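Please work from the sequences and hints to get the whole structure.
4 protein chains.
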Amino acid sequence: MINGLKKLGFGVVGLGRIGRIHAEIIKFKIDEAKLVAVCDISKELATSVAGKFGVKAFTNYDEMLKDPEIDAVVIATPTFLHKDMIIKALENKKHVFVEKPITVTSSEAKEVVAAVRRYSMKLQVGYMRRFDYAYKNAKKIIDEGKIGKPITFISIARDPGAPPGWAADPKLSGGIFLDMLSHDFDMARWLMSSEVVEVYVIGGNYIYEEIKAKGDLDVVSINFKFSSGAQGIIHGSRKSAFGYDLRTEVLGTEGTVYVGSNIDNMFSCGLKEGIMYQGIPWFERRFYDAYVEELKHFINAVLKDEEPLITAEDGLKVVQIAEACWKSVKEGKPISISY
Amino acid sequence: MINGLKKLGFGVVGLGRIGRIHAEIIKFKIDEAKLVAVCDISKELATSVAGKFGVKAFTNYDEMLKDPEIDAVVIATPTFLHKDMIIKALENKKHVFVEKPITVTSSEAKEVVAAVRRYSMKLQVGYMRRFDYAYKNAKKIIDEGKIGKPITFISIARDPGAPPGWAADPKLSGGIFLDMLSHDFDMARWLMSSEVVEVYVIGGNYIYEEIKAKGDLDVVSINFKFSSGAQGIIHGSRKSAFGYDLRTEVLGTEGTVYVGSNIDNMFSCGLKEGIMYQGIPWFERRFYDAYVEELKHFINAVLKDEEPLITAEDGLKVVQIAEACWKSVKEGKPISISY
Amino acid sequence: MINGLKKLGFGVVGLGRIGRIHAEIIKFKIDEAKLVAVCDISKELATSVAGKFGVKAFTNYDEMLKDPEIDAVVIATPTFLHKDMIIKALENKKHVFVEKPITVTSSEAKEVVAAVRRYSMKLQVGYMRRFDYAYKNAKKIIDEGKIGKPITFISIARDPGAPPGWAADPKLSGGIFLDMLSHDFDMARWLMSSEVVEVYVIGGNYIYEEIKAKGDLDVVSINFKFSSGAQGIIHGSRKSAFGYDLRTEVLGTEGTVYVGSNIDNMFSCGLKEGIMYQGIPWFERRFYDAYVEELKHFINAVLKDEEPLITAEDGLKVVQIAEACWKSVKEGKPISISY
Amino acid sequence: MINGLKKLGFGVVGLGRIGRIHAEIIKFKIDEAKLVAVCDISKELATSVAGKFGVKAFTNYDEMLKDPEIDAVVIATPTFLHKDMIIKALENKKHVFVEKPITVTSSEAKEVVAAVRRYSMKLQVGYMRRFDYAYKNAKKIIDEGKIGKPITFISIARDPGAPPGWAADPKLSGGIFLDMLSHDFDMARWLMSSEVVEVYVIGGNYIYEEIKAKGDLDVVSINFKFSSGAQGIIHGSRKSAFGYDLRTEVLGTEGTVYVGSNIDNMFSCGLKEGIMYQGIPWFERRFYDAYVEELKHFINAVLKDEEPLITAEDGLKVVQIAEACWKSVKEGKPISISY
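Chains as they are written, first to last, in numbering that gives the first Met the number 0: chain X, 0 to 338; chain Z, 0 to 338; chain R, 0 to 338; chain L, 0 to 338.
Read the hints as simulated data drawn from the structure, not as lab findings.
If chains are identical, the list can't say which one is meant, so a pair holds when it fits in one copy or spans any two.
Quick list of in silico lysine-lysine cross-link-like pairs, DSSO-like style, CA-CA up to 27 Å: (1) Lys148 with Lys213; (2) Lys51 with Lys26; (3) Lys55 with Lys65; (4) Lys213 with Lys326; (5) Lys211 with Lys148; (6) Lys271 with Lys145; (7) Lys211 with Lys145; (8) Lys271 with Lys135; (9) Lys6 with Lys26; (10) Lys271 with Lys211; (11) Lys28 with Lys295; (12) Lys139 with Lys303; (13) Lys28 with Lys6; (14) Lys329 with Lys148; (15) Lys55 with Lys33; (16) Lys148 with Lys271; (17) Lys6 with Lys55; (18) Lys295 with Lys26; (19) Lys51 with Lys303; (20) Lys139 with Lys271; (21) Lys295 with Lys33; (22) Lys92 with Lys26; (23) Lys271 with Lys138; (24) Lys26 with Lys55; (25) Lys92 with Lys28.
A quick note: this is a predicted structure, and the numbers were derived from the prediction, not measured.
Structure follows, in structure tokens:
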């Protein structure tokens, strides 16, 4: 499966912003990986990216999957395409790194889980925060027991603006709970080492007409319970006026860990009006190192035949949580989740 | 009603920590006020405080109310005593500044509201955050429209430790939602200029056995809705390992205001392990100026025959919210509030 | 010397901003002190302040000194008046709390030192930072050896604007090195437990014409050496556009302590342009508690017949340093200081 | 000079930490550049790095310079080797990107300046802070006049520990003023748009015996003057207990800009003892983007035949400043600099 140079051959499908980041990282940053091909339905995009990296260009995913040099694929297409693309890859004996979220629906995700098992391949979902130094610090400190028993998880996630294109359509992306806040639910499960078993949501449309028109929400407040008995709160907004505002904290019986900030403390300017800071950089820069680390981890898992840190089952669970959130919005009450 | 020196004569009843602060402020910090007497069921406490300030000592509240030099009382006794003491004061034509919360139950609070109207006296409830410079800044900026339409209120309130004595008994204090978090609900109503119309609570006992034994909770997560359609989140904990952790933020369509911090940025020490900060000072110091300002405001309202900023009706409403929180805990579902 | 109530009787002379703060603190905040009289050459000011506090008013300092109820004086007049007023007080067997700096010149300060010894009275200079919690933390941590050997002291002191009136005239105030930065030199000596033995100054006039006209400087950078071999840096500016900017740090071989900040982290507002903080509050508020503590310390020193923390000798030494700074400016070279 | 693909061919000499970073960036991050060869006197290092990047390996610099595919060299060898290597490159008609500082002595630097002119090639010195977003923000705001006239530059630069190997020997590296603080002098000149015309230094040995043994200093405080009349302060230490502590500020008549922080505000942990932060990441990570940008700038300057932002003359000037610092240490007085 591994070529002579012990490098894992990769094909990347979906060459939007995040797909190109993955391609660049595979090409340049990881010794054990080799970028073999890129694929996009836009021939222009596929050709230009392939040219830049000196690799093969495909516009037909099925054809790329036949390439024997490719051991694994990175799927960075819109979410609604994930399920079929994952299963095809598995059928072609390609390992799969799939951008978050794994699928739009839990029934799709369950198909994926079954396929991963059936073909005995590796699949990792791209919740890169698990590989960010600050979140990893939090995990380490919590797991070492330094903050005692973790009793509340709080995460605030605010984007600078509305998502572009297909992601604004909850039928294609899963909407705010899945497309945006599944990062926070993944963190919740991981940092607390516990499952989310009930959610209650207050959500609304306050800002973007286009989001409302598609049936998605732009601001949501989620209260939830963990199987451990701990409490959870997530607040998400598709807008933060000054830019990205992303903060997570875990309260324990003996301490509190804080991850993230609303300000970049590397620069400020004090004028008559006060001292002005800027928000933190948008995710390509804030999380670039985490994008590298998550792929290194995946490659290592494949090469050593180990379970990746974020499996298809993990991917499934956050889809189930997101579905429970939507149900809570519709029914106006807390919704239990059974996995 | 005002003596020749145009000073409002005050009697302070309840000489615990906060009662003594009020007495000191009236004695020393406000030109328009005169401390006439202090009262406590502990003769020793009453005598010592009266001696310190050179004023009369009472152990019997009814007797103090007969003192013609007294125009107004500050009631700083345990909450369960508030209702009767307020009504007696009003009957004796004394204006009332009552520590928060106004009463333990909404039926008591309604009696108080009726009595205030009946006797045409002034009553102010001691939600001092409304007089703190930082919260006032937030209010001003929100009301000026600088952050656009306010769409989410979030407050995190964590005390350094369990409340002492009677306050740990929810029958006497109203429990965590009233004794502790009514500050946050008062802020919610005030900053958002909107009523809380529905609450959903996840609460539990994680830390203090004595709190559990009394039937109170020690950590709660509250999701709520405003009449404006905005969302609210309050997280309260009776413990924060490093001390007081109190932060409020309001997200608007065009900006976000942040009040409070977990760290005191005036001192830090960097050693091999990292750079260590301390938490912010406990309320006597963090809010001392606000305690002064709230009494100045009350005195001004009395002297000018104006409505105080925080009325008995305001006091009633947060009791109603707290009762709805308790109901949500018991029934495990969102509870609507009708005022 | 102490009256029956064991209260130290005080007269306050000089009723500007800081004089009124001292009077208020003596009147209201310290059990062991009694405000007996206030004195100012302005009859109007003396009368109004005396009326507010219910104490005697004097316009003639010599007369006030004859008052047998007065055990100690607080001298808060312009610096150029200090020497004579201190010595008269000592002659009249009054203890002296004198606002910083002790005198304008070192020859005056030496007269004061001699007089304090001759009359065996107590004298304390008002370098209140020594009583501020943050600086005290720093002192404690340094003295405990937690940062190892202290090797560099750095202090940045920037005022919001030019000093008013007499303080802008270096002949009356000692100028920027004494009137403003003697706080920092006092901190340097105290935190480092070492004497300043050489200074080199770069100073100039960049901002205020009126300061230049009087022969003072508005921005200075000072490099200095301690007798311990440690290094020191002080930067002072009479202007900081957004307000008070006051920060001190001590680098040690094993750690660094930081005191102060340019921002008040209790409030911020994030709009499209960024997140805006305000500067820290001006000294009346930042250091109010320290003003209380320094007077408590002085009173305690008198009552217990102990040496105050900041003696006339301490006051003299910072005047000597300031004089060396002026000499360095004039000669353009490093100046050694011998005490 | 540019190959058919319009890529500038690069050879990198000196494969220590920073040399490998440059090689990686040229290989992977810049479309207009092509890594052709790497060179190190260690055959093992040269071979392994060349293997990793798939390029030619040299152990003999002179041979590498003969490679016609190479248009430009990156010189990342110890400083004392720079002068000869730069001149050889220029003789061979290679453009030069040289790590800071340009040379150990100003007489060497002058030879380099002359050679650059003689051969009409481009040379850029690696002061990467000019390409960091935070310093660039500062420069932009200052140049726009937002802080008024810049009147004081202050920079604090503290490394986590002593430099390894040759860099601890001032004869080979120029010592602390050149090896470490020439970054700060470059910033001083650039941000203030003015020349450093006089320096006064207090320096000493407090921490590292090995640094003292080599004749270098480990902690220094520098006061300096700009030709504009502005003031400057630089404090440098070879040790900061918790890690890298790097902060720069410019005070202007109408505002102050701040760059850098001692803490990474993305993570903290509050326990009983307080809230702990970590220092900022060491330079490879803090400045990685700046390393990319400086090479992009250099390549662009070569391709467009423009003057690079940091020329040999800039490199010379900071060597002259460093020499003046050494002279000040030796003579114990301020030293004027004439360029």
